[in-house]
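Chemist: Assembling the complex is the task here: the two chains are given apart, and the hints tell you how they should meet.
For the record, the sequence lines run as chains A and B.
Counting in the numbering used here, the first sequence runs without a single skipped number right up to 1208 at its last residue.
Counting in the numbering used here, the second sequence runs without a single skipped number right up to 1395 at its last residue.
Because the hints were derived from the structure by calculation, they are not lab data.
There are no misleading hints in this set.
List of simulated lysine-lysine pairs, DSBU-like, C-alpha gap at most 35 Å:
1) B:Lys1328 x B:Lys1381
2) B:Lys1381 x A:Lys1037
3) B:Lys1328 x A:Lys953
Covered by chain A, according to a simulated footprint, are these stretches of chain B (three or more residues, beta-carbon under 8 Å):
4) 1275-1289
5) 1293-1303
Not everything, but these chain B residues come out facing chain A in the computed CB check (under 10 Å):
6) Asp1325
7) Lys1328
8) Val1331
9) Phe1383
10) Leu1386
Glycine included, each C-beta is placed from N, C-alpha and C at the ideal position.
What follows is the residue order along each chain.
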Amino acid sequence: MLQHADNTETTRLKAHIDTIDQLANQASETNYFGLQDVCLLILEALNERLHNEIPAITTELDLCLQNFPVRVVEYLQNTANAAENIISLLKHPDLNIALIDDEFTLLEQTLTDDSTAQHSYTDLVTENNAYAAQHYPEIRTTANDTQTQYIEKHLSTLENYANEAAEKAQYGLQDVCLLIIDAVQTQQAEANPVELLTLLDSLPVLINHYNQDPDNATDALLAALNQPILNIALIDDEQNMLRTLLIETSTVPQALPANDNNPGLEAATHPTLPAASLELVELLVMQAHLIEKLLDEIIFNDDLSSHLESIDDELERYINVSKIAGFAGLAQLCEHVQHNTQYFHSHPDTFTPHQQQLLQTWIGHVKHYLATFTEEDAGLALITHLNDSQWPVALTPDIALKVLNHLRHTNLSAEQTALPKRTHLASDNDVSLTLPSDVNQELLGILLHELPIYTQEFSQAIHNLQQDGSAEDLNVAQRIAHTLKGSANTVGIGGIAVLTHHLEDILEAYAKAHKMPGSAAINVLIDAADCLEAMSEFLIGMSQQPPDGARQILQEILDWANQIDQSGLPDQEESTPRQPRPAAVEHTANTTATTGLGDESSSISQQTAMVRVPSEQIDTLLRMSGESLILNSQANERLRRLKAQLLAMDTQFITLQRLSDELEQLIDIQDLTGKTLSGIDQEFDSLEMDQYNELYTTSRRLVEAAFDAREMNLDARSELEHMSEVLEYQQRLVIDTQGAIMQTRLVPVASITSRLQRTLRQTCRLTGKNSELSLSGEQLMIDGDVLNAMIDPLMHILRNAVDHGLESEAERLAAGKPSVGLINLEFDREGNNILVRCRDDGRGLDFAAIRNTAEQRGVIQQDQDVSEEELKRFILRPNFSTRTESTQTSGRGVGMNAVHFQVVSLGGSLNLYSQHGKGLTIELRMPLPISRSHALLAMAGTYRVAITSKGLKQILYAVADDFSSVGGEQILHMEGIDYPVISLNRLLHVAENRKKNQRHSAVLLIEHDEKTSAVLLDSIADSLELVIKDFGHYLKKIPGYIGAAIMGDGAVAPVLDMPALLRLSAQSTSAYVEPAEIIDPRALLSKVLIVDDSLSQRRSLEQLLSDAGFAVHIARDGIEAIELLTEVTPDIILTDLEMPRMNGIELTAHLRTQAQIKNLPIIMITSRTTQKHHKLAEDAGVDFYLVKPVREDDLLSKIQYLLQKRNQ
Amino acid sequence: MLLEYPTVERELFELNTQDPTVKPLATSFNSTEDHLNPDISDESVLGFRVGNLRFLLAANIFCEIVDQNKVSPLPNVQPWFSGVLNLRGDIVPIIDLHILLADGSTPLKNRHLLAIDKGKKTVAFWIDGYPQMLSPHFTSASAPDDLPDVLRQAITDYSRQDQHLWLTLSLDKLFKALSVHTVQDKD
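So here's chain B without its partners, still in its complex pose (with noise of 0.2 Å):
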């Protein structure tokens, strides 16, 4: 049971850092945007969506969707903290970024989990969509005003591109802006 994850869909979204003439998401990927950049370099940048918002992370960052089937909860977390699961033996927290966002939307139907990074800094995400490679060319922006305050710490950088904003999301920010909240409030 260990061994099952979805193999085929794992090595559409492998990054391979080590070979810079293989551009993996290019051509096989079904991005949520109509159009892809078709010049692809190392430089480019790892878009995902949650709700309204658009984050950011380095290319050179491990990723991969994983079967969001195997999802364990964990009972008295905080909402947004949706449990874990089990990535080739490594226990994956999945923090659900849509309910930081607290702005009463519902989350869409065709939600995919994101792993990023490897072994014990592996954290999923759920995405709305699939996640999106991006040419490095922003233009830079500043903080949109109803930012919830746990995000806002997270933040990094606020960049443009094609009227999307997108924000770079620093994952220690994030987890020290959550540390404080790990544990459910009682009511």
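In isolation and in its complexed conformation, chain A is listed as follows (with noise of 0.2 Å):
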């Protein structure tokens, strides 16, 4: 976008170059010297521009250049004042051409010399009628197309404004406008081209004199409407009309931005009254009630001199009042108005009862100032009374002028004055650091992600202005300053809120005088930006200390700021800040800071330092160390099954021995029977010595073999009991760290506590009911994502607890209950699941009405015997609610049913316990994520499967005895309770292959929606540690499993969900009628659409809403919101005025014109307060204009009158 204006700006810049310098060259050929170095100057200004890249040139010179060859032909047509329009031109601040006043009149004295010399030659060319086409051809031709080109300009600036003035009700000047257009169009052809644009040129003018003062300008626009030119015939009649028209449409007090077809933006830039500064004001009205009673008690008596006196210090006062208030204007008139009550003080003859009078026409004139100080013309009637010759000590014209220019420049400076008022010294406490104590851990997270992205953003930016940077950069900076302030006040880190405050003041001011900061000014800009770099890197954890040195360097952006406040802008090079500039902050820790702010750092600095990770990052981690679990399994199982090869091997070991040990005796006994296997030594006899033969030998050395194998086997045995201790010992390590990384996904319930409290806050008044909300178990340590899921089904309980369950106060009392409803939220712990109970102590469920609705829809029959129990399920159905559809009031959140659904579909189950008088107890149980799991191994079939203890209560090995059957059902009788009995065979649809008779060899009882089933399985395979898997991307969830384990021999298993499995079977054998479509009851909550530039407002708002019970959609900008818009249709839109791209007013009436959605109702919450704002808003068509920060009371009651009306 940048780079795409840039380019057009800088085309423009060329082709403005190309004509002037075709002009310079025919006049030099021509000798129109003066016209030449004319044209010298003003190419030599340009080609600056472009060198230097500030192709940038405001609208209002980018028409004087467009208009300098109808300036340039005019002067060869000898026009009068032609050349004094040239050298204006010349003059254009924009243009910045250093040439002193007499080189001005020198070269105006050139160019009417040169046309005197011509002007014989060039009369008679004229009479000729050849002028055009001779001698000058070429600026003939170079004029007469450009003029074509500018009047077409001109006509859709003129649009514009026509367009501008319809949005804006001013259909008089839109009429205007629209006959001008008819008639140009008409006339072009015909009409003397330079007469037509100076009548084009004229009515920019006019048009902006009518907006501010209509009934004068009324006239001078009828009268350009009656130029000849333009041949538009309007009668009296319709001259009158128009005239009327003119006059009662004018409402609008504010100058149109002149040439810019972009009012929102525009006007968006301008600054903001906040709710510090019209206090401010108001002190000031009451000190004028106080002075003027003081007047109104003057007595002319003896004590005349004492009540002047007062009177004198009250004005002390008020001028003291007034310069803290920011109106240097007032207080200058007050400091006059106190020299005269001193005259008076010191000559008391000269204080008349006229005297007395003028002082009290003064303060009502006072009065009136302060309550019009806004408005244009604001303090006129007050300096003009002071010119009033009964004054003793006269203001002289130049005083009134100067004071008159502060008022007005008051007007400005108090808007700026935002939230806080700009101080003069900055204190530590403005750069402090410090997180509030009840920061929202949520914002604060967010913040923290966006902070270190946009001070990086903001120093790009005050660097790119450093190096010639364009306006966009300093846009760019004064956004972000804008988002970072909001943000940070929001959160409530004062120290980067109060920085940026006046970042942005500084920012704003320039872009608004179209200048660029000059080199001091930089400097100090570029200080802060490293300031904010690192507050952000010390908010992050990223550095141990905040910024050394902020403190001045907030005082140097103060110094500026409030230089700004009091004499505008500096000039081109500005001079050097009145105090010395310290050293940049230190962007290294520094161990030796000692400042004030060593105290509040130390206490921040206790907080760990964190490190944000992606939450990918730790699920990969999770997987891999489930993996690691895995191959350590499977190296298990191999280990087992070396070790019995290796015990069985023993065995064989032992029999080798034993036979070795055997053949060895007898190679003994057949020696001792002599039967010498060698004859070969006969001197000895065998008992002598041994004779040792070959078998002998080998026998020995086979029992050697044999004992020394399995020696070795030993060995390896215990070398492998080694080995299992290892793996043993890195199974644990893998477990615990499989624990550690779920570690890092533990959020405390504490953390969502506040919310929970907030929505029955909001509930609470929004049914007029009266409640407390207590909560156990918050210190519980959950997995984060389980608590986030859990969110929005606490909230739906709570609400429909106030809403449904909570009697009206007078019926509590009636009940002999205390008036005040109590709500009890209960988080604990069971196994794997988390379990939450809500009780309230309200008037239970409504059994009748459930019964009714029931009967109603025909899910059973009148006459149908129900228990309680299968009432009590009938609310959790989906798209079952016995309310009906008028007293759902819309953004109240859903049905119980819609809280079951949303359990359900976590996985997780619901239960209701009511007590009819004394309230319902809802019991939520939310599985924890399961990675690993003790888990059973059973055949179904040929199937393997693994069963987790989800549901699981017992496991149980029954007998036949056990076992009865009731109409055709089988029942498991077990310590005087009947459990229902269903195999797991039949569960699963597979065939059962037993043989009849044969006993199952275990039952499990488990539980679901609240009754418990008894499950018959074949066999129990194995009892293990399984970590279970999902299905993957594509198939994350099928029903009836949890998800898939591998098991040690690489095979999967399917994890079976029990309590899933037998509900689904429950489903299809229910008594009752099932509805035949799910309708997702999310998508029966109004939709809210929020446009926000900046993510922690979006993410506020967001939670605000959806805590309300809005389904919210959001978009950063106007474009995304309208992308957005094709596939969604919000209820309502909330948006910012402020944003990138597309602002909030832009994308307002872009709305108001699409016909289906034209009605949507649209709030505008902003921080711009002024009128000027709120009343392009709603010209724009807001419905609602809301200024940060905003009340969420009262944004809600909004919203729900938007909704009602929208619904009636």
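Modeler: Dropping the structure here:
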């Protein structure tokens, strides 16, 4: 976008340069040296701009340049004042041509001389009607070409005016513009282009004038309309009607930005008038009343002197207050009046009732001024009054002028004085980065996330500015400062809010004046950008200390801001700031820093350094640790087999050893029988020496080998034992690792309690009931994802509890209950589940109403016998609500069925326990993410399946006697309780392949939907630890399955979700009619679209509204909102004012033109407080204009109001 | 056991996207079609056949033929869901598109399991024969009349090359269309 804008601007500038270059050449050829000089000067100025890469020129200058050829033609035609007009362009401030007055005069003289010198010649040519064709053809052509373009341009400008006028209901002005456009288009061919252009040139001025002072400018506008060149034949009646229309519809007091077709953006850069300033104004008014009273009380007696003295004192006070409030002009006037009263004091004889009257009138004017200081002519009466000759000390005209400027300047500076008011001295508190004790962790998280990005962008923009940046950089920097200010204020980080606030003001002042900050200002801005970055680094824990010298930097920024407030932007190269520049912020941690920040920094540093990592990374770690666990168990499995093999080997070795022993004995016996195998040596008797033959030796070796082999086997086994230990240790380590990784996902329940409390308070306010929420188990740490998923159902439960559970105060008192309802929320951990109990002391479930609805819906028959237990389940069924449509206030949430839907879709369960007149307890069980679980491995037919402890109450080994058959259904009777029985095979629709009468080996008691069923298993194959995985990206969830696990042998076993399987099976056999289609209950919620460019603002609104029971959609700016609107049609839109690409006003204006959604309620939430913005927004079609900070109740009630109005 | 997958075969089908000079399938591939385009570029696409339908996948998608003996079937699911398989620690669902064709034809004996994509996004299909590389030159075509509805929802484009109609398959859309029927219908 930026690049594109730059390009068009550059092209435009180049076009100007080309035209003027041609003119210069032609002027030199025809001896118009003065004209040539002028052209060259302009060329130089423009080329310099091009060279410096600041192609952006103001629209005004653009227009002047466009008209330049026309001026030249006028000059050539010897039109009066033509030379003057040309010179006036040279003096255009934006061209920045450095000539002294004398030089200008000289140039003008040259122009006139040139013209005179050639006069006779030109005259001659003109007379011959060949002026254009012969001697100045090029000039004429160039001028003519451009003239047509300029007329086109004027027409488009006029069209913009017409549109703007239409938007502002200035129908008279709109008519005038359209008439002129029409006339020009028809007359263009015939009319004298110079005359036409002159007229068109004058129009923007007239229109602006009309906008400021309609009464006087109406005639001028009509006169323009009556110009013969336009040939608009208006009859008197028409003329009068238009005049009336012009005067009557001139309701817009503020000027339309001249030649700007983007009123929203232009207006958006104007400052605000915050609440704090308004308070100061009120204070001034009160003080004025006091002075007035004092003046009234003046009695002309001896006390006059003391009376005048007290008035003098009051005035002194008034001067101070005026100064503090930023009313410098008023202060000056008061000082002037004080001089007068002092004069009266010293000359009491001059003080007559007439003078008293004078003072009384004056204070009346002051009050009037305070009431109207935002208006254009504010303070004029005040000044005029002080010019009265009755005042002993007169107000000299030049002082009056200065004061008047200040009075008007005050209007601006007072508006600029935002929260907190601009002080002169920066305090340590102003740069404090201490977080408020009740900081909203979520918002803080978001801020910390966006802070480094924004500060970096800000620095970049400022650095760009330093290197010949464009106005766009200035805007970027200003927008970031604005956003950061908002975010920091929302979170409560004062240091950043204060700094960015003043930065925004400075940048805004420059942007408004279309000026680039000079080097001194840039240096301060760079320091501030560095300081912001350092603050950001400290906050996100990258550095140990808050930035050193932040206070000095804020001080410099303050000095600049104050200087701009008081005397406007410094001219050209600004004077150096009043205070010497201290060293820039130290980026690195400075351990010796002992500023006033020392204490507070240490308190913050106690927060451990945090690292923000993407949650995906945690998931990857978790997955990898799970993988390690699987590999470990596979290794263990191998080890187990290896051990078994070695054990078997050991037995073999023992056998081998025994056999070789036997062999040895046999050989020995053979020896003793004398049958020696060798007959070589006969000298010794066998007793004298053992005769070893080969067989003997071999057998001995065999025995030894067998023995050794067994020894080695034992060694190997002990090695394996060690290995087993190592593996076991590794397993523990991996489990610990997994636990540690899981820990990173844990958050305390307490982190959501404030939201729950808020929901309750809001619902109470909306329903007019009184209740208290007590919580227990807030310190419980649970998985962040689970907790987040639980917020929505919990909110619904709380809203329902207040809305339907609790009785009205009168009913409660009549029932002998305390007037304030009590809602108790209890968090607990139960196995691998989070158990939440919400107990209210209201009226409990209305079974009659439920039955009634069920009958109406044809779910049950009128005479059907249905227990309360069953009725209770009805309200959890999809699309079942006892409420009628009309009582369902929009934006207040959905029924219990929706809660149940959400809970079940998250894998949890919901139980209701109602006591009539005493209250309802809702029990939520949400599973924690299981990655590792103990499971039973069972066979269902040929399938090997794993069963986790989910819902598992007990494992039994039942005998045949425990089973009985009732009405064809098998029942398990255990300890006095009957359980319905179903086999696992039947649940899984797997063929039963047991022999008849063969008993099931095991029975599982599974709890589901408030009842317990017995599930028969063929066999339990194993009991082991499993890592449960899901079925991948595409098949996330298969009903009846939790996931799958990889076994030790590498095969996959599906992990069954027994309660879900039982529920699925129950559904198919249910006696009640099931609704055909399940509507996602969220579709019933009112949809709200939030459009805001600040992430933190967006999130806080999103949270507020989703907590209030809306389905929230978000967009970052107008463009994104419009894109989103093609997919989603919200019920209401909340939009910010200032946003990139398309702002809130443009968005609103656009939406109001779209037939299908033009009646969509739109609420604008902005920090802009001026009437001007308010008016713009209202004209665009905004229903409500709310100023930040918005009170939540206020916003909600406005939304409620608009939605109701829309529904009617 | 976990690491026992057919390494050699798998490598044949890994498309090395990092190195454009490697043309892995051109020479080592046992294509069902007799001719092979010698000029296989990065833009070439991967096609496979199920029954009488031919499907296209982007060539930069990771594919491998996996050992079909490792399939673990699941009870109580739709027939097209053949089960799951452990592929280097990821649970991979196996889809039998042949069942979705519902044209009564029986699948061929020499079916292979083609695993597509990596990590959690891996999905395996039973395919007839081996997958083949195709040059990216197609002419556009229209949808055949007899295409089952579920498949129709999963096809983003129809194109033609060498007399054959090729269907561009979107996995996201396929599973979206399938998601309504994950559990076996009860009789």
